[in-house]
Each structure stands twice: as C-alpha cells, then as structure tokens.
Amino acid sequence: MKKRKFSVSISAIYLCLCFWALTTVYPIIWVVLNSFKAKDKILENSFAFPMGELFTLANYRKAFENLNIFGAYKNSIFISTMVCAVVILLAGLASFALVRYHFKLRNILYMLVVAGMMFPAFATVIPVYTMEVSWGIAGTKSWWLSMFSVILPQVAGNLSFAIIVLTGYIRSLPIELEEAAFMEGCGPIQIFFRVIVPLTKPSFATVAIFSFLWSYNDLFTQMFFLRRPDIMAITRLLNELTSNEGTDYGLMAAAVSLVVVPVMIVYIFMQKYIIKGMTAGAVKG
Amino acid sequence: MGANIYKNKKPLFLFLLPAFIFMIVFLYFPFFKNIVDSCMEIKQLGISGEVLNEPWYSNYAKLFTDENVRTSLKNTLIMTIVTIFGQVGIALLLALMVDNIKRGAKVFRTMFFFPIVVSATALGLLFNLIFLYDTGMINQLLSMFGKQELTDWKSEKWALFTMMLPVMWQYVGFYFVIIVTGLNNISEELYEAAAIDGATKLRRIWYITLPLLHNVLCTCVVLAVTGALKVFDLPWTMFPKGMPLKSTFLTGTYMYYQTMIVKDVDYGCALAVMIVVLGVVLSRLVNTIFKEKDY
Chain A
0 MKKRKFSVSI
10 SAIYLCLCFW
20 ALTTVYPIIW
30 VVLNSFKAKD
40 KILENSFAFP
50 MGELFTLANY
60 RKAFENLNIF
70 GAYKNSIFIS
80 TMVCAVVILL
90 AGLASFALVR
100 YHFKLRNILY
110 MLVVAGMMFP
120 AFATVIPVYT
130 MEVSWGIAGT
140 KSWWLSMFSV
150 ILPQVAGNLS
160 FAIIVLTGYI
170 RSLPIELEEA
180 AFMEGCGPIQ
190 IFFRVIVPLT
200 KPSFATVAIF
210 SFLWSYNDLF
220 TQMFFLRRPD
230 IMAITRLLNE
240 LTSNEGTDYG
250 LMAAAVSLVV
260 VPVMIVYIFM
270 QKYIIKGMTA
280 GAVKG
Chain B
0 MGANIYKNKK
10 PLFLFLLPAF
20 IFMIVFLYFP
30 FFKNIVDSCM
40 EIKQLGISGE
50 VLNEPWYSNY
60 AKLFTDENVR
70 TSLKNTLIMT
80 IVTIFGQVGI
90 ALLLALMVDN
100 IKRGAKVFRT
110 MFFFPIVVSA
120 TALGLLFNLI
130 FLYDTGMINQ
140 LLSMFGKQEL
150 TDWKSEKWAL
160 FTMMLPVMWQ
170 YVGFYFVIIV
180 TGLNNISEEL
190 YEAAAIDGAT
200 KLRRIWYITL
210 PLLHNVLCTC
220 VVLAVTGALK
230 VFDLPWTMFP
240 KGMPLKSTFL
250 TGTYMYYQTM
260 IVKDVDYGCA
270 LAVMIVVLGV
280 VLSRLVNTIF
290 KEKDY
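Chains as they are written, first to last, in numbering that gives the first Met the number 0: chain A, 0 to 284; chain B, 0 to 294.
Among the hints, erroneous ones may be present.
[Said to hold, decoys possible] Listed next, the in silico SDA-like pairs over lysine to any residue satisfying Cα-Cα at most 20 angstroms (straight line):
no. : chain 1 : residue 1 : chain 2 : residue 2
1   : B       : K153      : A       : D247
2   : B       : K200      : B       : C217
3   : B       : K245      : B       : E66
4   : A       : K271      : B       : G103
5   : B       : K105      : A       : R60
6   : B       : K240      : A       : F219
7   : B       : K153      : B       : D133
8   : B       : K32       : A       : M117
9   : A       : K40       : B       : G135
10  : B       : K101      : A       : S6
11  : B       : K105      : A       : A11
12  : B       : K200      : A       : S10
13  : B       : K101      : A       : I9
14  : B       : K101      : A       : A11
15  : B       : K6        : A       : L108
16  : B       : K101      : A       : C15
17  : B       : K6        : A       : F102
18  : B       : K200      : A       : I9
19  : A       : K38       : B       : K8
20  : B       : K8        : A       : I76
21  : B       : K105      : A       : L108
In short, the hints are calculated from the structure, not lab data.
Only chain A is shown next, with the shape it has when bound in the complex (with noise of 0.2 angstroms):
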C-alpha cells in the first residue's frame, strides 16, 4: 500500500519536470521543423512534420542569397576568440600576481575588482564609444578596427569575473611545486607559464567558456559598436532582420535555425563545462 502511493507521486513529479524540459527543448525542435516548411504553411499547421509536399529548403536559400551569415558567423567567433583568449592572458596573470605576492596594495586592487562586477554596460558604454572614437577606432571604415571596438570592452566587461574565478582557484594549488620549480631555476614568469597555468587548466577553461558565450550573445554593445551590414555579428545581424524582413516567418525561423543549432551542438558536447563555467561565478558569491 505505501510504496504504490510513493510510486504515484514519483510518476507525478516525473511529469511536471518533464513538461518543463519540453517547454526548453520544444521551441527550438519546432522553429527548426518550421525552417522546411514554405512561410505560408507555417500559418496553417506549424505542428506538422516537414515532408513530402510541405518539405522546402526555399527559406535557407532566401537566408544565404539574402543574408550575409557566413560574415556575420566568421566576425561573431573572430571576436568572441580574441575577448577570450585576451580574458584568460590577463586574468591568469593577474591572479596568479594576487595570490602569490604579498604587497600594500593587494586588498584594494581586489576590491577594485570585485567592485568591476557591478558596473553594468549601460553605464560606461557612451564614454567607452566617445573614447574610442576620439582614439579613431569606433566608427572607422577599416574591418579590423571596428573589429576591435568591440573586442576592447567586452574584454574589460569579463576580467572582473575571470579574476574572482582564478585568484580562487590557484588560491588552493600547492605551492611546493612552484618551490620545486623555483629550485630548478624557474623564474616568476616561468613558473607562472610552466607550473601555473597547466594546474589551473579546469579553471581556465570554465572562464574561457563563460567570456566566449557571453561575448557572443552580447547585442547591447554590438549595437553600439557594429552599425555597418559588413561588420555585423550574428546577433546583431538577427535582430536587423526583425526590422527588416519582420513578416517573412520562413526566413526567420531558417535564422534562427542557423544560429541556434550550432550552439546547440557544441552544448550536447561540452554541458558539462558550460553549465559549470557559467554559474561557478555565482555560486563562489
């Protein structure tokens, strides 16, 4: 009697998780069975399997012919690459200079980033933009400059958090390895380069994940800094078809397709780094 009550009430809590995994997962299944259907049809019936007579592929050729994606794609990660990569070099030695040498200043320039956290974009944007164009990067014709426009703020906008993550990390290393290397000659760069960084692998990879991601959906400084169709990143790039193409639902759904599944792949791959990477900020507070 009591272990068929527990049975019910475990089938129950089973079906309301998993109406939830079908409110996650479910849209996107259905905006891509939509992307194969012609626009009109997707009026009709969007629950419909794309086959046969409804199966279409006019919506991906309209969004290549229509759409410069592949330029947005190649700008998207050429800028998401560099934030991070940058990120991690600037970081890792920062931190390791935090944990390890003991100096006035070390408690102030920790708070001076712990503080950097709480700067939201919108506060700084307008002068970073004003800075920059008086610097004659922002609002240039030259594709590497506009590039770096925006590379160059959303790398600040993530030291903070990347330095929080890794003072924390190397903060439990041992350091009878660096005194083992130091023995052997190592000086403060090398050890930093030889002992360091290959121990805090975990760490990087979680920061590396967190700049890349959050780098690549960023819209709000894309606005501000990638104005020109060939410049633009995937992000801005879908939110200038909604203005423009608002009412050809074949093509949008086909967009939103290719910018989604890609994600969504490397996510199936990698989740457990990325669920880690993005929330080990909020869970060291």
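Given chain A, work out where chain B should sit, using these hints.
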C-alpha cells in the same frame, strides 16, 4: 621558502598592469566620465561634451517629469518581482522535485539549462514566431483546444506578459543548477534523523531543506535582481522602441532608445546613472531583507 620566490616584486607590474589598465580605462574611467557626461551638453554620440547643461542638473530634473521614465521604472520593478518569484521560485520547485528522483536528474539538468546558452536575440525572434497573432504556435494551440477568436499577444493588454514570460523562462535553469548544488550539500543524515522522528516529507522540506538553503536562495535572489536590471536583448528584439505605445520600456531599453534613436546622448548618460543607483538600492534592499545567516 614560499615567500622567497616572490620576494622580488619587479615582475609584479608585468603581471598586474595589463589587466588593471584595461579595467581602469574601460570600466572605472568611463563609469565616472558617464556621471560627468550626464551633466554636459553632448550634441552627438562620439563627441564629448564641452559645456555644462543649463542648469547642470537639467537631465535629472527631466527624469522626474518624463512619463516614459515612470513606465520603465514600473516595468523594471515588475520584471524584478517576476524574476524573483518566477525564476527563483520555479527553479526551487523543480530542484526540490529533482532531489526526489533517482534517474534522469542529469538529463533534466541539461535540458533545463539549455535556453541560457542560446542568444537572447535568437530567442526573441523565436518568441516572435511563437506569439504571432495570425497565427503563431500559441494561437494555433489555443484554437486546437477550441478557442474561437485569436489573442493579440503584442497588444497593450498582453505586451508586458509576452515580454516577461520568455525572459523569466530563459533563466530558470540557471537558478535550478545553483539550487541543486546547494541541495546536494545538505547531509543525508539530517533527513534520516527527521524521518526516524516521524517527520513527513513536506515537514522535512520546511524545517530542514529551506532553512539550510537560505544562503543559496539569498544569492539567487541577489542575482535575479541584478539580472532583471540588465535585461536588454529579448525585450528589444520582441518590442523595439517600447512598442506598443511606449508601454514596454525597461530602464535598459529606454536608455538605449534615448541614446541611439532620440539621440539625446547626455540624457542617456543620466538614465544610465539612474540604472546604477537603482541597482545599488535594490541589491541593498534585498540584502537587508534576506540577511545571510550562519548555521
């Protein structure tokens, strides 16, 4: 011994300077410059202001009379409440449920977390299709269940709901993962002891789980509040320019609107200052209400 390696402080500069130069040039300096700019007259984005506004606080005076500021503050406060109760609340329920099952917990975690990695802009387009009036996924579903007339989800009546639901939905998985981690840290022995004393499942949750989760939930609420103030991508994609009738502005989207569309740059700076002040006040408030406790 350890101190010996790092006694020579010369390399210190090499390690610290690049990161801190970045933070000072791109975070601290602009942050204070922004406050100064909010009192200046700026003719165009990209040109710095040279003369003070007349009077210097005119932008701040405007904040109090601007009706859209009131709308955006109201919407942002609603958004905060939605993120606290919707995101953290649903996440807590889901986490408590997952704590009871033996199989599939990992799969659920993977699925719940997925929306967070997708860019909010793509989700905005996706939800535009889902909430389409003639006829998106929701309206098709409703008519399948026999509803006759179509609902205009983007009309004034429904706009806030249509905007906030996806924002709420996207981040539930984030808090879910944090709370599940917190749940796993509670020792099994406490539950066993309570079970021996005859405590029911619900009582165990109420007297053991929730008090022990207090600090985790506190962190979640603080993150939810600061997150609510940063929302930009989804609302701007689904309801650009505060449509319909400027009723869906949030503080962030209104700041962008004033800066880039109206091109009142110095007013945009003042709005950004307002967002910062709002953030500080709200997170202070949350911290005093949900004080961290030691057990």
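Now for the hints, and whether the structure bears them out:
no. : hint            : in the structure
1   : K153/B / D247/A : holds (18 angstroms)
2   : K200/B / C217/B : violated (23 angstroms)
3   : K245/B / E66/B  : holds (10 angstroms)
4   : K271/A / G103/B : holds (15 angstroms)
5   : K105/B / R60/A  : violated (38 angstroms)
6   : K240/B / F219/A : holds (14 angstroms)
7   : K153/B / D133/B : holds (12 angstroms)
8   : K32/B / M117/A  : holds (16 angstroms)
9   : K40/A / G135/B  : holds (11 angstroms)
10  : K101/B / S6/A   : holds (12 angstroms)
11  : K105/B / A11/A  : holds (18 angstroms)
12  : K200/B / S10/A  : holds (16 angstroms)
13  : K101/B / I9/A   : holds (10 angstroms)
14  : K101/B / A11/A  : holds (14 angstroms)
15  : K6/B / L108/A   : holds (19 angstroms)
16  : K101/B / C15/A  : holds (15 angstroms)
17  : K6/B / F102/A   : holds (10 angstroms)
18  : K200/B / I9/A   : holds (13 angstroms)
19  : K38/A / K8/B    : violated (66 angstroms)
20  : K8/B / I76/A    : violated (38 angstroms)
21  : K105/B / L108/A : violated (39 angstroms)
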